[in-house]
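Enquirer: As given, the protein sequences belong to chains U and A, one line each in that order.
Counting with my numbering, you get residues 31 to 140 for the letters of the first sequence.
Counting with my numbering, you get residues 3 to 141 for the letters of the second sequence.
Derived by calculation from the structure, the hints in this document are not laboratory data.
All of these numbers come straight from a predicted model, not from anything done at the bench.
Just so it is clear, CB atoms sit at the ideal spot from N, CA and C, and this is done for glycine as well.
A portion of the hints provided could be inaccurate.
Unchecked claim - Which stretches of chain U does chain A cover? Using the computed rule of at least three CB atoms under 8 Å from a CB of chain A, they are:
hint	stretch
1	31–45
2	111–123
As the list claims (entries may be wrong) - Covered stretches of chain A, going by a simulated chain U footprint (3 or more residues, C-beta under 8 Å):
hint	stretch
3	14–28
4	33–44
5	50–60
6	112–119
7	122–132
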Amino acid sequence: MTLTSTLKDGCLIITTDGYLNNTGGELIAEECYKFLDDGVNKIVIDLLLTKVVNSIGISILIEILERLINAEGKMIFINLDPAIDKTFAIMGLSQFAGKAGSLEEALGAF
Amino acid sequence: MDQNSVVLKMFLPKIPSAELVAIQALDQMANYFGIPSETMGEAKIMVTEAVINALEHSGDGNRQVRVEFKMSKEKLIIFVRDYGTGFNTASIQVPDIKDKLHSRNKRGWGMKLMKNMADDFIVESKPTGTKITLTKNLI
Numbered sequence: 031m032t033l034t035s036t037l038k039d040g041c042l043i044i045t046t047d048g049y050l051n052n053t054g055g056e057l058i059a060e061e062c063y064k065f066l067d068d069g070v071n072k073i074v075i076d077l078l079l080t081k082v083v084n085s086i087g088i089s090i091l092i093e094i095l096e097r098l099i100n101a102e103g104k105m106i107f108i109n110l111d112p113a114i115d116k117t118f119a120i121m122g123l124s125q126f127a128g129k130a131g132s133l134e135e136a137l138g139a140f
Numbered sequence: 003m004d005q006n007s008v009v010l011k012m013f014l015p016k017i018p019s020a021e022l023v024a025i026q027a028l029d030q031m032a033n034y035f036g037i038p039s040e041t042m043g044e045a046k047i048m049v050t051e052a053v054i055n056a057l058e059h060s061g062d063g064n065r066q067v068r069v070e071f072k073m074s075k076e077k078l079i080i081f082v083r084d085y086g087t088g089f090n091t092a093s094i095q096v097p098d099i100k101d102k103l104h105s106r107n108k109r110g111w112g113m114k115l116m117k118n119m120a121d122d123f124i125v126e127s128k129p130t131g132t133k134i135t136l137t138k139n140l141i
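Make a model of the complete structure from these sequences and hints.
Expert: Structure below.
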């Protein structure tokens with residue numbers, strides 16, 4: 031998996047491309063923590079180009095969520111594949127992270 | 003399963019991301035039946051988790067995992083078998099994110115995902131290995 035990131039309106043936007051496994055999860059975590067350490071506590075993760083995930087990769091997202099919650103921050107996912115959406119729901123991520131239909135909607139939700 | 007079903011059997015080696023081979027095979031079979039990719043999403047998640055579990059938890063003595071798909075337009079049956087030392091199926095803990103958020107170990111979700119996404123889910127484990135059977139209705 032690869033990712034790109036950008037900062038917009040004080041919000042970190044991460045766009046992933048590829049398999050969100052343990053390596054992919056660690057890449058996302060590394061990027062998020064860089065910005066969390068600088069005080070950014072709003073994160074949007076765009077999964078449009080990620081069609082395959084595993085629970086190990088998502089477990090790392092839970093680690094990020096924990097740090098974000100402690101920083102009184104919020105995470106929103108956009109472009110969720112229906113199966114990945116259901117995976118998040120089963121794992122309970124949906125209780126602590128939001129989802130939106132578009133980047134604009136996500137940015138407006140913070 | 004009617005006469006128009008297809009069977010695919012493979013042995014996956016214990017290498018990183020071997021589960022992707024199984025998922026690609028599933029995609030090809032779905033394509034053959036004209037089943038849209040979106041319909042296969044949950045099946046692919048189940049296969050991913052089953053194969054990863056088998057590769058990770060079957061022990062160092064187990065160098066491969068057997069995966070079998072029986073597929074028709076209506077139904078997919080997935081078998082994943084490892085040749086490890088087995089485990090006590092009664093010891094499987096159901097994870098909860100509220101507990102995970104405060105614990106060091108955030109993992110352990112595979113069984114819960116498979117159980118919730120499958121229309122039928124059977125796990126059998128003996129000292130000679132573990133077999134998971136998952137059924138997914140496609141219509």
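Enquirer: Hints numbered earlier in the text: which of these fail when held up against the supplied structure?
Expert: 1 and 7
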